[in-house]
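Given next are the chains, with one letter for each unit.
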Amino acid sequence: MNETKTNVQSNIPVLDRWNLEIIGIVLVVLFFLVAPFFIYPVFLMKAMSYAILGMSVNLLLGYVGLLSFGHAAFFGLSAYMFGHFAKEMDFGVALSMLIAVSGGTLLGVLFAMIAVRRIEFYFAMITLALAQLVYFFCVQAEFTGGDDGLQGIPRGEILGFSLLENSHLYGFVLLMFLFCLLFVFRIINSPFGEMLKAIRENPERVTSLGCSPRTYKFIAFVLSAFLASIGGALKALVFQIAALPDVHWLMSGDGVLMALVGGIGTLIGPIVGALFIVWAQDGLAEIGMSVVVMQGLLFMATVLLFRKGIVGELGRLKKYFR
Amino acid sequence: MANKFRTSRRKVLSMGAAAAAAISISMVTMGAVADEETFKIGILTDMTGTFSDLGGPGTGVAAQIAIDEVGGSVLGRKVELLIADHQHKANVGLALAREWIERRDLKAFVDVMNSGIAIGVNKLAGDYKRLAFYSAAATDKISESACNEYGIHWNTDTYAQTNAVASSMIEQGLDSWFFIVADYEFGHAMQASMDEAVKKAGGTVVGAVRHPLQTLDFSSYILQAQASGAKVVAIASGGQDTVNTIKQAQEFGVTQRGQKVVALLPYLSDIHAVGLDVMQGLRFIDPWYWGMDDQSKEFAQRFFDRFGKMPTSVQASVYSSTLQYLKAVEELQTDDPMTIRQYFLDNTLNDAFLRNGKLLPNGRMTHDVYLVEIKTPEESTGEWDYEKVIATVPADKAFRPLEASACPLR
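Chains A and B, in that order, give the protein sequences.
The opening position of the first sequence corresponds to residue 1 in this note's numbering, with each subsequent residue numbered one higher.
The opening position of the second sequence corresponds to residue 1001 in this note's numbering, with each subsequent residue numbered one higher.
If you are wondering where the hints come from, they were derived from the structure by calculation, not from laboratory data.
Quick caveat, the model's predicted, so the values are computed rather than measured.
Treat the hints loosely; a few may be bogus.
[Claimed, not checked] If you want the footprint, here are the derived chain B segments under chain A, 3+ residues with CB under 8 Å:
1) 1088 to 1095
2) 1098 to 1109
[What the hints assert, rightly or not] Mimicking DSSO-like on lysine-lysine, the simulated pairs with C-alpha atoms at most 27 Å apart in a straight line are:
3) Lys87/A x Lys1129/B
4) Lys1375/B x Lys1297/B
5) Lys1040/B x Lys1078/B
6) Lys1123/B x Lys87/A
7) Lys1078/B x Lys1327/B
8) Lys1129/B x Lys1327/B
Cβ coordinates follow ideal geometry from the N, Cα and C atoms, glycine included.
With the rest of the complex left out, here is chain B:
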């Protein structure tokens, strides 16, 4: 009996080994064939974690829509989209980025999520002379101290997100602030921008607390916020972290005791997750809202048909950067990064996401953004109908002016 068992185990083992060998051989040969032919663009994102709803698989869908829109190929080569899950580990993300460039000849990154990883990728992109477009990362450093000629920040940043909001809230008398901050690059940048904006508008910052990314229990942070006595508790995180903070603040009765809880960068997916009854009335800067006009609605519908959800501003921005990049490649008949950059510098771009899109030399893509208010449950006509546009902030007012930029590129 024992002998028989042993033989079968060996068989299983050898079969397993053979299968593994076959898989690895086929993967190697597949890789080799694919590498010669296709024109590769890549997305590094979070496929399963805290930000997967606002970016994640949906950004892949958005980029694919853009690829299909240019006919699936540029310069006579099929466009291939690489998309990988960096799990918010800078280790994993930067290793993947390096491998894509060195081994697979990636032409451009069309999105990198997580501000910390984005800054690392931006350095890598500069070293290897590849264009990199950022939509999900919101740190303003990409076009400030960490800028280079290859990184282009397509979507909103922490500066654009804070300036108008802080002054409008302080005018309403909400002048003392407490921050709950995600402890990584985005959170730090947001806190710095907010600090600056609040003080500029005459408010005071009474305190701040930092939590690790992907925290589940916010109770101690919320208690500190309550103890601070600030009129506004501002949340500088994103995705699931923001959702959890708001929900738990609700359970602790923060709002009922007279403090206002605001998310500094809520996405459509966050509002969807938390619900209008909690989020109603919140004003914030949204770089794009799917229902803002016919052109955006048309894209949103195409996205919805494929994905079953309405696009967030990040996903729309990835669509836009992919589309504009591929169109530029095809129109200029080159993949030379500097030629394409010059083209973006010289032209004003418009599409479903970009309105009056103009690239600044520091890598900041300026475009109109919007002051929006979240609808009340009564105002909303159905699922996904969450925001109303109060005012348009024009492209040249929305972002940090070039004169004030810390980036040496002019």
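Chain A on its own, in the form it takes in the complex:
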């Protein structure tokens, strides 16, 4: 691999893109360190856990070219499992989170075994169908509490820090969030990540090189489910509730929307997208305007006006600053 190799889509040399991503990460870290002094911390924590979902969708959509409509299943199941083990079993935050994320990832393995056999439209439909199965399981299952949701999940403590304190909780969520961000950064800048991009561009070529695209897709899908599960468990921890909207397909849609608005195939795009979407959801609930209508308009605006998303378009402006 030499340094002048180009990324097919963005036409930015690899090293350059790498630098941009480092700058992006630094900016994100600075933002989330400074922001809680000015912005309501719970809002930021919500944005972070949603951003993790956005990143997981983006990992598939942006780097492998797989549009998944099933990520709410991992997000929601993990939220429910975290809530159940933390509340009913009294397992504590760390252990409950471990179990919840493992559960979500395992579900990802199941999904992947079926879904990666198909491509494009069929892939999206299969993930959607599987996620709906999980949704209706959660509607019927006793432990989810039906429309009331699983309420009053204890925040507890971790490594001796009481998470009842908003600042401790913020620190914990930020750490998990950064872990996910660096995790994605590592994946997409590894030989494995290069293979994913190659599959996105030309799967037949990859096969001709002697690699199996399906295996790579399988692994990418499971990694993506792993990330979405972390997001779900964190969300349940922050809001002390896991409920049906977390597993509903609209949540999968939110994940796709966040990636799309922020910029698919960019590292920090989903984070910007998540901040934007969460801001819109919270702001509009009080104004009384329909959140869903506004999200639809936003989606159309993105597709028609700035198809590469906020971060993608900003990346294009970069050449003027040389």
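Assemble the complex: chain A is given as a structure, and chain B must be docked to it using the hints.
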């Protein structure tokens, strides 16, 4: 050409970004100014969904009438009403509740709709020591197992709603029951109360089926109800769900085949939506009816002038809780929740909604409720004239007595 297009797109983008930035800056500064000055009370409700007619925007109007009645301010601060649409999502509702308390220093919730969300808010209110008044939520748990010193249940609950009705219907020989239940906290509580009441009065429950909130197609549930052979098909849901169940039961000919369809908690808006020809003759407990006397008619007229519809019992109850709370704050010159609670415990309250209102230590506001019958189309003198009061159930008989309460507060 292509180049030109690109420039315009960038322009649009930058203009959009600038506009978004300007909006967010102005929202932040507006929020900051408002937060110092006003005395905030809040309503979490359903603005567009299945219960929006019985509560929804109308509860905001009712609360505003109460605010205007105390002169728009208490303790020298302007009263600001926050009202938000939780869309029946516990997620959204509890996040909003938390934000209102933590960031905007909300003093009290004057209504929370959806029993499941209300129980969550009640816990939050207890943790943060804020008063919370409930009118639209009807689960009896608010003053039972989920009770605390900060939650006050102003309107009717599932116990009050079921007891008298079950016994009076069973006396008429309608002694086998089937329930169609909304699958969330309210439905579950209603089913449990009804189960208890029917068995106490010597009836039998032959079955029950649960449907998700905001269901549109009730056919499979209605078929099960028909197959059960029960004499009474009781509907334990509310708003649009109740309306849809009744209408579809009508289409399936449930009544024609000898089963009686009853709604356990119909609201004025439901009767308005279904129509008297279907609803006539139904007896139920109504905590308040706009046409019951001159005082209630006077409030109803004020409400109608602003909103164009007659108030439901929920909306009247929100008016009442807002009014009594603000009056107490002004009279006691404090917003301390415990002082205000003590004031409600010590005094008997009366207004357009409350008759002989007396707060019990478990958070139950007891007041007179009414056994009503829905008029026939011939009896009705016009739009909104739907109910006649058969009997008054006095405050101390209407609700679960304190001795039988599961709440440890005495």
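Hint check:
Chain A is given as covering the segment 1088 to 1095 of chain B, and this holds because 7 residues of the stretch bring a CB closer than 8 Å to a CB of that chain, at least three being needed. With 4 residues having a Cβ less than 8 Å from any Cβ of chain A, the segment 1098 to 1109 of chain B passes the three-residue criterion, so the hint holds. As the CA atoms of lysine 87/A and lysine 1129/B are separated by approximately 23 Å, the hinted pair is consistent with the 27 Å bound. For the hint linking lysine 1375/B to lysine 1297/B, the alpha-carbon distance of about 18 Å falls within 27 Å, and the restraint holds.
Between lysine 1040/B and lysine 1078/B, the direct Cα distance comes to roughly 8 Å. Compliance with the 27 Å bound is thereby established for this hinted pair. Between lysine 1123/B and lysine 87/A the CA atoms are separated by roughly 15 Å; this keeps the pair inside 27 Å, and the hint holds. For the hint linking lysine 1078/B to lysine 1327/B, the alpha-carbon distance of about 14 Å falls within 27 Å, and the restraint holds. As the CA atoms of lysine 1129/B and lysine 1327/B are separated by approximately 20 Å, the hinted pair is consistent with the 27 Å bound.
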